[in-house]
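Peer 1: Residue strings, one per chain:
2 protein chains.
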Amino acid sequence: MKIVLLGSGRVATQLGLALQQAGEEIVQVFSPTQAHASALAEKLRALAVSQLSEVRTDADLYIISVKDDAISELASSLKVNGIVVHTSGSTDLSILAPSSNQIGVFYPLQTFSEQKRVDFSEVPLALEANKPEVLGVLKKLAKKLSRQVIEMNSEQRMILHVAAVFACNFSNHLYTIAQQLLASQNLDFNLLRPLIAETAAKVQQSLPGEVQTGPAIRKDEKILQKHLNLLSKNPPLQEIYRLLSQSIVNLP
Amino acid sequence: MKIVLLGSGRVATQLGLALQQAGEEIVQVFSPTQAHASALAEKLRALAVSQLSEVRTDADLYIISVKDDAISELASSLKVNGIVVHTSGSTDLSILAPSSNQIGVFYPLQTFSEQKRVDFSEVPLALEANKPEVLGVLKKLAKKLSRQVIEMNSEQRMILHVAAVFACNFSNHLYTIAQQLLASQNLDFNLLRPLIAETAAKVQQSLPGEVQTGPAIRKDEKILQKHLNLLSKNPPLQEIYRLLSQSIVNLP
Numbered sequence: 001m002k003i004v005l006l007g008s009g010r011v012a013t014q015l016g017l018a019l020q021q022a023g024e025e026i027v028q029v030f031s032p033t034q035a036h037a038s039a040l041a042e043k044l045r046a047l048a049v050s051q052l053s054e055v056r057t058d059a060d061l062y063i064i065s066v067k068d069d070a071i072s073e074l075a076s077s078l079k080v081n082g083i084v085v086h087t088s089g090s091t092d093l094s095i096l097a098p099s100s101n102q103i104g105v106f107y108p109l110q111t112f113s114e115q116k117r118v119d120f121s122e123v124p125l126a127l128e129a130n131k132p133e134v135l136g137v138l139k140k141l142a143k144k145l146s147r148q149v150i151e152m153n154s155e156q157r158m159i160l161h162v163a164a165v166f167a168c169n170f171s172n173h174l175y176t177i178a179q180q181l182l183a184s185q186n187l188d189f190n191l192l193r194p195l196i197a198e199t200a201a202k203v204q205q206s207l208p209g210e211v212q213t214g215p216a217i218r219k220d221e222k223i224l225q226k227h228l229n230l231l232s233k234n235p236p237l238q239e240i241y242r243l244l245s246q247s248i249v250n251l252p
Numbered sequence: 001m002k003i004v005l006l007g008s009g010r011v012a013t014q015l016g017l018a019l020q021q022a023g024e025e026i027v028q029v030f031s032p033t034q035a036h037a038s039a040l041a042e043k044l045r046a047l048a049v050s051q052l053s054e055v056r057t058d059a060d061l062y063i064i065s066v067k068d069d070a071i072s073e074l075a076s077s078l079k080v081n082g083i084v085v086h087t088s089g090s091t092d093l094s095i096l097a098p099s100s101n102q103i104g105v106f107y108p109l110q111t112f113s114e115q116k117r118v119d120f121s122e123v124p125l126a127l128e129a130n131k132p133e134v135l136g137v138l139k140k141l142a143k144k145l146s147r148q149v150i151e152m153n154s155e156q157r158m159i160l161h162v163a164a165v166f167a168c169n170f171s172n173h174l175y176t177i178a179q180q181l182l183a184s185q186n187l188d189f190n191l192l193r194p195l196i197a198e199t200a201a202k203v204q205q206s207l208p209g210e211v212q213t214g215p216a217i218r219k220d221e222k223i224l225q226k227h228l229n230l231l232s233k234n235p236p237l238q239e240i241y242r243l244l245s246q247s248i249v250n251l252p
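Heads up: the sequence lines are chains A and B, in that order. Take 1 as the starting number for the first sequence in the working numbering and just add one per residue. Take 1 as the starting number for the second sequence in the working numbering and just add one per residue.
Hints are computed from structural coordinates only; laboratory data are not their basis. A couple of the hints might just be wrong.
Put simply, identical chains are the same to the list, so a pair is met inside one copy or across any two.
[As the list claims (entries may be wrong)] With a cut-off of at most 30 angstroms between alpha-carbon atoms, the simulated DSSO-like pairs for lysine-lysine come out as follows: (1) K2 <-> K139; (2) K43 <-> K219; (3) K116 <-> K222; (4) K233 <-> K219; (5) K139 <-> K226; (6) K79 <-> K140; (7) K131 <-> K226; (8) K116 <-> K144; (9) K131 <-> K143.
For reference, chain A alone in the conformation it holds in the complex (with noise of 0.2 angstroms):
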C-alpha cells in the first residue's frame, strides 16, 4: 500500500514509524513546515513536501495526523480518490467529507513522547469508516500494528478520549502537582517513582475501584481535614484534593 502521510508531530512520527517497520511504504510526508516534513522523511525514506499542491493523488492511503483544529482545513484542500483517514479521538469522522468519498478514522490511544519509542503492538487502534470496504483496509492494515484493534463510531471514540485524558493526561498532571509539593519541602521526585509505578501495576490485573486506598476512601475526616489545612496557602490545589476526596467518598 502507498501511503501519504500528512502531518510531522509525533503521532504522525511513530505512527510513520511503526508502518515503516509493518513493511508498508510511506511514500510522502507532508507538512507545512519543510523543515519537519523532510526531518521525518528522512527517518521514513519518503519524500517531503510542503505544498499540499504536491502531494500526489495515486497513493491508496491519506493519513491526516495534525493538530486537531488544523484537520477540517487540511481536509477542505484534499481532493483524491484513495482513502483518507485522520488519527484525532475527538474528531468526527464526518470531517473528511470533503476529501475523498472513502473515509475513516485510525486513532491510536496512546502517550506519545517525543523521544521514547512507543511499542505499536501494545497501542490500541480504533477504527471507523464510512463504508463496508474502508474498514476492512483498515482493519487489515491495523492487525499489521496491534494486537488490539476495535471498530468503534465517533461518539463511542469521543468517551475513550475523555477517559484517556483522565486516565494518563490528568493523571501525569497529579505527579507534576505532587512534584511540585515535595520540591517545596526539597524532596526527590525519586521518593515517589516506586508508589506511581505500582499504582499503575495493580490496575493492569484489578480494576481500580477494587484497589483504592488512601484516607478517602477510609472515610478519614482527619487526615482529610489535616490535608486540606496543609494546602490552605494554594486555593486552586486545595480544591482538587476537595474534589477529588469527595468524588472518593461518594463512591457506591
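Please build the complex by placing chain B on the supplied structure of chain A, with the hints as guidance.
Peer 2: Showing chain B alone in chain A's frame:
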C-alpha cells in the same frame, strides 16, 4: 531484635512479612480482634494477643500500624522501655510520647494490596526519631528492608503523604472514572491499560512536567469544550475535568 507488631491490616502484614524475611524476630502480634491477631501471627510465626495487658514489655521495638485515629489511644495505654514507632504519614511523632521515652516513625511509602506481595526493597522508608540513638537503630533496620531510606521531620512527612495521595490515591480514582466512562459505552477497561502503564513508565525517567500531553497542555479550547459538553450530564465529573484542565493550562 525482638519486635512486637501492633495492628493486623495491610501495612502491618506487608511490613511484618518483610521484617521476617530480613531475619528479624516478630515475637507478638497484637490486635483487639483475636482472629485478626491470630491470622497474621500464624504467618509470622509469632504469638497472637488481643489484650494490651498481654503485650510483652521487654521487646526492643514496638511497631504501631493501625488506623491513624487509633494510634493515640494505643500509645496512651502502652508503657514500655523499648522503642515505639508508628507507620503513619500524617501523624506527628509526639503522639507516641506517653508510651516510651524512645519514640520514632517508620513510614513506608507505598500502596499495599490485600493479596499482592510488595517488594519492600523498592519501598521508600521515611524515618523520624526523638533521639539520635533511636534514629540510628531505625536506620539500621530500615536499610535491611529498603534501598531508599530517608530521614525527615513530621512536617515533611505530611507533605510527602499529601503528595502520595495526589500521585497514587487520586490517580487510581481517575482510572476508576475512566473505567466508568468506558463502561457507559460498553467499552472494555483493557483499552486503557497500556496507556496507564505507559503514563507511569514515562515518569520513571522524566519529570512529569516534561512529558505532559493532551488537549489542556496544547490549550486546544475546542476539544476542551467538546469534552466539557459531553460531561454536562455529570456535573461533579465535569467540574473535575474543568479544574484539572485549568490547572494544566495554568502551568508556567
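Peer 1: If a hint holds in the structure, say so; if it does not, say that too.
Peer 2: Results for each hint:
1. In this assembly of identical chains, the alpha carbons of K2 and K139 lie at most 30 angstroms apart only when taken from the same copy (16 angstroms versus 63 angstroms across copies).
2. Taking the shortest alpha-carbon separations for K43 and K219, only the inter-copy value of 29 angstroms comes in at or below 30 angstroms, while the best intra-copy value is 54 angstroms.
3. For the identical chains of this complex, K116 and K222 are inter-copy neighbours only, at 28 angstroms across copies versus 43 angstroms inside a copy, given an alpha-carbon limit of 30 angstroms.
4. Proximity of K233 and K219 under a CA criterion of 30 angstroms is satisfied in both settings, with 24 angstroms inside one chain copy and 26 angstroms between copies.
5. In this assembly of identical chains, K139 and K226 lie within 30 angstroms of each other by CA distance solely across copies; the values are 28 angstroms between and 53 angstroms within a copy.
6. Within a single copy, K79 and K140 get their C-alpha atoms as close as 24 angstroms, which meets the 30 angstroms cut-off; across copies the closest is 72 angstroms, which misses it.
7. With identical chains, the CA atoms of K131 and K226 are at most 30 angstroms apart between copies only, with a shortest distance of 26 angstroms across copies and 58 angstroms within one.
8. For the identical chains of this complex, K116 and K144 are intra-copy neighbours only, at 21 angstroms inside a copy versus 35 angstroms across copies, given an alpha-carbon limit of 30 angstroms.
9. Taking the shortest Cα distances, K131 and K143 sit within 30 angstroms of each other inside one copy (18 angstroms), while across copies they are farther apart (63 angstroms).
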